[in-house]
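FYI, in mature numbering (1 follows the signal peptide of the UniProt record, and there is no 0) the residues of the sequence shown are -18 to -1, 1 to 149.
All clues given are correct.
Quick list of in silico lysine to any residue cross-link-like pairs, SDA-like style, CA-CA up to 25 Å:
(1) K5 <-> D27
(2) K5 <-> L51
(3) K118 <-> I148
(4) K120 <-> P101
(5) K118 <-> R133
(6) K5 <-> D62
(7) K102 <-> S131
(8) K5 <-> R23
(9) K5 <-> I60
(10) K102 <-> A124
(11) K118 <-> L140
(12) K5 <-> I33
(13) K102 <-> L146
(14) K34 <-> P15
(15) K118 <-> C135
(16) K102 <-> R133
(17) K102 <-> D126
(18) K102 <-> I148
(19) K102 <-> K120
(20) K120 <-> C144
Read the hints as simulated data drawn from the structure, not as lab findings.
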Amino acid sequence: MIYLATLFLLLHAGHVSGDPFVKAGVCPLPVQPPLPNGISRCNYDEDCDDIKKCCPTFIGRRCLLPDPLRVICPDSSIADLTCEERSDCLNADVCINGVCCPELPPITIPPTTPLPPLPKPGFCPPLTVPAGWEAKDKDLCAVDIDCPSARKCCLTLLGNRCLLPIA
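Construct the entire structure; sequences and hints are all you get.
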């Protein structure tokens, strides 16, 4: 009798002294929520042979092989239920790739201000205004990017124009 009590304590010491051992892998998803009166055949992974895990099923916990294709939700949580549409999921979960996952808030990207255009290489020719001459204000460009190829937007006596730069 003492032998059986000692054996029982040795086999279940992990449950008394610390957390149960969790085997590698993830349980397959149950096809539907568990029944309230389901009968479990295991309580912990260590109750199962080899690499099998103690997994929830709709009729209670059973020893099953881990599912290598088990899906992880976009928020990095592991899905708990399969689905075909949102109404198959509980709470506020949504159906994503056949599993129920928490709904993520929409991602909002703040508007960015465009960077100012970079000036093209080179310099505009110097402007010399003759005495008594008044420069016109009829611009054909505002910045270098308004000009084709290597031309730059330069101030002339007629307003801004696209000119070839000087080195």
